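A.B. asks: Residue numbers (our numbering), protein chains in the order written: chain A, 59 to 460; chain B, 59 to 460.
Mixed in with the good hints, there may be bad ones.
As the list claims (entries may be wrong) - Just some of the chain A residues that point at chain B, by a computed CB distance under 7 Å:
(1) F176
(2) E180
(3) T184
(4) A187
(5) R221
(6) G299
(7) V302
(8) D411
(9) R419
What the hints assert, rightly or not - Cβ pair distances, simulated, as ranges:
(10) P65/B / I193/A: 56 to 62 Å
(11) A270/B / T359/A: 57 to 63 Å
(12) G289/B / V75/A: 22 to 28 Å
(13) S64/B / L398/A: 54 to 60 Å
(14) A270/B / G113/A: 57 to 63 Å
(15) V358/B / G227/A: 42 to 48 Å
(16) R419/B / V75/A: 32 to 38 Å
(17) R99/B / P63/A: 27 to 33 Å
Calculated from the structure, these hints are not laboratory results.
Predicted model, so just to flag it, every value in this text is computed and none were measured.
Glycine is no exception: its CB is placed at the ideal position from the N, C-alpha and C atoms.
Protein chains: 2
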Amino acid sequence: MRAAPSPEEIRRRNLAVLLRHVHRDGPVSRTVLAERMGVNRSTILALTADLAAAGLVSEELPGQTGKAGRPSLVVRPESDRVYVIALDVGADRLAAATVGLGGAILARTEKARTTGAFDPDEVRATLAAMTRALIARAAPGSVCVGAGVAFCGMVRQEDGVVRYGPNIGWAEVPFGADMTRELDLGVPVLVGNNANLGALAERERGVGAGLADLIYLHGDVGIGGGIIMGGELIGGEGGYGGEVGHMVVSPGGRACACGSRGCLEAEAGELALIEAAERTDPPGRAAVEAIVDAAARGDVTARDALHHVGDQLGSGVANLVNIFNPSMVVFGGVLREIYLASAAQVRSRVALDGLRAVRERVRLRTSALGGDSTLIGAAELAFAAVLTDPLQTLARNVHADS
Amino acid sequence: MRAAPSPEEIRRRNLAVLLRHVHRDGPVSRTVLAERMGVNRSTILALTADLAAAGLVSEELPGQTGKAGRPSLVVRPESDRVYVIALDVGADRLAAATVGLGGAILARTEKARTTGAFDPDEVRATLAAMTRALIARAAPGSVCVGAGVAFCGMVRQEDGVVRYGPNIGWAEVPFGADMTRELDLGVPVLVGNNANLGALAERERGVGAGLADLIYLHGDVGIGGGIIMGGELIGGEGGYGGEVGHMVVSPGGRACACGSRGCLEAEAGELALIEAAERTDPPGRAAVEAIVDAAARGDVTARDALHHVGDQLGSGVANLVNIFNPSMVVFGGVLREIYLASAAQVRSRVALDGLRAVRERVRLRTSALGGDSTLIGAAELAFAAVLTDPLQTLARNVHADS
Numbered sequence: 059m060r061a062a063p064s065p066e067e068i069r070r071r072n073l074a075v076l077l078r079h080v081h082r083d084g085p086v087s088r089t090v091l092a093e094r095m096g097v098n099r100s101t102i103l104a105l106t107a108d109l110a111a112a113g114l115v116s117e118e119l120p121g122q123t124g125k126a127g128r129p130s131l132v133v134r135p136e137s138d139r140v141y142v143i144a145l146d147v148g149a150d151r152l153a154a155a156t157v158g159l160g161g162a163i164l165a166r167t168e169k170a171r172t173t174g175a176f177d178p179d180e181v182r183a184t185l186a187a188m189t190r191a192l193i194a195r196a197a198p199g200s201v202c203v204g205a206g207v208a209f210c211g212m213v214r215q216e217d218g219v220v221r222y223g224p225n226i227g228w229a230e231v232p233f234g235a236d237m238t239r240e241l242d243l244g245v246p247v248l249v250g251n252n253a254n255l256g257a258l259a260e261r262e263r264g265v266g267a268g269l270a271d272l273i274y275l276h277g278d279v280g281i282g283g284g285i286i287m288g289g290e291l292i293g294g295e296g297g298y299g300g301e302v303g304h305m306v307v308s309p310g311g312r313a314c315a316c317g318s319r320g321c322l323e324a325e326a327g328e329l330a331l332i333e334a335a336e337r338t339d340p341p342g343r344a345a346v347e348a349i350v351d352a353a354a355r356g357d358v359t360a361r362d363a364l365h366h367v368g369d370q371l372g373s374g375v376a377n378l379v380n381i382f383n384p385s386m387v388v389f390g391g392v393l394r395e396i397y398l399a400s401a402a403q404v405r406s407r408v409a410l411d412g413l414r415a416v417r418e419r420v421r422l423r424t425s426a427l428g429g430d431s432t433l434i435g436a437a438e439l440a441f442a443a444v445l446t447d448p449l450q451t452l453a454r455n456v457h458a459d460s
Numbered sequence: 059m060r061a062a063p064s065p066e067e068i069r070r071r072n073l074a075v076l077l078r079h080v081h082r083d084g085p086v087s088r089t090v091l092a093e094r095m096g097v098n099r100s101t102i103l104a105l106t107a108d109l110a111a112a113g114l115v116s117e118e119l120p121g122q123t124g125k126a127g128r129p130s131l132v133v134r135p136e137s138d139r140v141y142v143i144a145l146d147v148g149a150d151r152l153a154a155a156t157v158g159l160g161g162a163i164l165a166r167t168e169k170a171r172t173t174g175a176f177d178p179d180e181v182r183a184t185l186a187a188m189t190r191a192l193i194a195r196a197a198p199g200s201v202c203v204g205a206g207v208a209f210c211g212m213v214r215q216e217d218g219v220v221r222y223g224p225n226i227g228w229a230e231v232p233f234g235a236d237m238t239r240e241l242d243l244g245v246p247v248l249v250g251n252n253a254n255l256g257a258l259a260e261r262e263r264g265v266g267a268g269l270a271d272l273i274y275l276h277g278d279v280g281i282g283g284g285i286i287m288g289g290e291l292i293g294g295e296g297g298y299g300g301e302v303g304h305m306v307v308s309p310g311g312r313a314c315a316c317g318s319r320g321c322l323e324a325e326a327g328e329l330a331l332i333e334a335a336e337r338t339d340p341p342g343r344a345a346v347e348a349i350v351d352a353a354a355r356g357d358v359t360a361r362d363a364l365h366h367v368g369d370q371l372g373s374g375v376a377n378l379v380n381i382f383n384p385s386m387v388v389f390g391g392v393l394r395e396i397y398l399a400s401a402a403q404v405r406s407r408v409a410l411d412g413l414r415a416v417r418e419r420v421r422l423r424t425s426a427l428g429g430d431s432t433l434i435g436a437a438e439l440a441f442a443a444v445l446t447d448p449l450q451t452l453a454r455n456v457h458a459d460s
């Protein structure tokens, strides 16, 4: 039997719960917090005072509410003062951002990349330079409380080792440890699979808010999947579940970087679209947008390319709908643009191959976080420590900064 | 806040926990029960006495232990006295069994079926006749405490309505309610998807005992999937997840009963195998066994048919391995025979299409419950009530019988 938690343990847990509410939902009144947490207002008062003294939240009078009586103070996250570093290693770009408590992107920078093998040392140096430039622009007195990376491949959770990133030619790269050393922020740099992080971001603050059964598909050169079932991310035995980009949708089809043929990402990723559109652009969001624009202007080759890729994407989605019975499939990264330009093909394929009882309820949606669901997911990974033990984590990092 | 449980509630829960241990593990000593449950021996003594008085367990001296001192009495389930009815509606057979507490099949009967549309009334009448014959053979004074059906299609959990059974031509059949009325046992007849139940059975008492991340594939005319991730069955929004048989592995391929083409079950189910082997047998286990026998005797057509079907099956398995990163894939129903005769093809396809980090750890295994994992799963469904509240459930059913 475990002993009952001490009053100090209870206080620490409640501080974390309150901060998570404010972080996820933004400014919220003391009254509403008391209701949601099931504690009385004096407890909220004490918790808020502690968090405010640490500089994690502030309190202010709400706007006009139209209600009589003394208004309940609103608690808001100190977005400018407490932030994390969020990094995104895609097969066609590197991105970096500072993200404030509450989830707002404070500053953001991005470098497009051509594909092929990426040199890990160079990626690390580039991300470090981007990070240092962002930190230099952070508000005076602000505190970095964590760092997270969304990576386009298979990552071992425990230590941030990249097991396999076929589209950038990596295998067994100790990226988490390397980035921690390189950035030297006093916090570990956590690494996660980009689509898994995108799924969590869409469920926390995107189009899938609050859904228990959600599939997020992230496209760039590759296609990754983040699958949430019964409220939990599916990891499988080693945590590598969700590699839907390597589901074969066209046996014997286009060669895939993984060594197989006809994988979903080989048939519906950027390279397939660019080739079908008979273009020579380097892969990347710009290339996809150019093809979508051309199709909208009446370019038949571009339109047919989008329809072909949409049909392949639809085959993959239909399989996933039959396998998972999700309530929503979210298209993110360049799949957002591809889906919007080929929704009829995707939906038609789902109607043909999907079983009625599962397809009749599923909603197909585009990411509500624009191109940044993976980056926001990386920020959430980085915020995990402060949202688990706010005061300890903050004290550690304020100390590290001084 | 919820009030602390009363001593009576605690006793009822502990009775259920003890009975579940004995049901799952078979005869077990009081000492071991005390250790596993984390309670003292006098509590075990009292709980065992209550369960024994109700006729759910008995106690006996163990065999020679070689240890000094008074041996701990062994508690065993009253398998002959407390049983459930387990039914299995496959696309190629109807099966029925009485299964005793502890999971042993007491008596079993089966009727092979040719495929095509099944008349729900006739299925109901046939299963009812099989059930009555089994009950007539049950031990005098024994008690039926539940009934469960494993069904080869999509079933709504709450009310046992068959939403869709493509291979037997059913849609929206209120099978649970109909069977409850027909059998009139004083207990509801619960209905579940056969592959989901098979997965649970293999995890509880089969080759996947204790695994958290397991995929069970059940083959007859169709192929169903039961997917356990993080210890929980994947249901998705409506509980219809796991329809891996309708994952397209050969676009534009063989017509499937669902209306699509090239589905895994159309390419690797019984009908595909029989056709590839150039036979005219009606589908069923006998037909598959005849083809496997012929191949073993050197029949090249039979062997090539098995290899072809194995390759298709391997494609589906590779996709599932990439999507889920399971620690084990279990082949049940006729997929057991098909896998054993084409393991090289299945493994070769998984090696080609599976990503290294996920395929290197996955174990491919055949069902440890022979052809009966779905039937045993149906029994587990039926046992759920008595394993949740043993004395109440038993009292209700003894009363109903008298």
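A.B. asks: Can you give the numbers of the hints that this structure goes against, from lowest to highest?
C.D. replies: Violated: hints 1, 2, 3, 4, 11 and 14.
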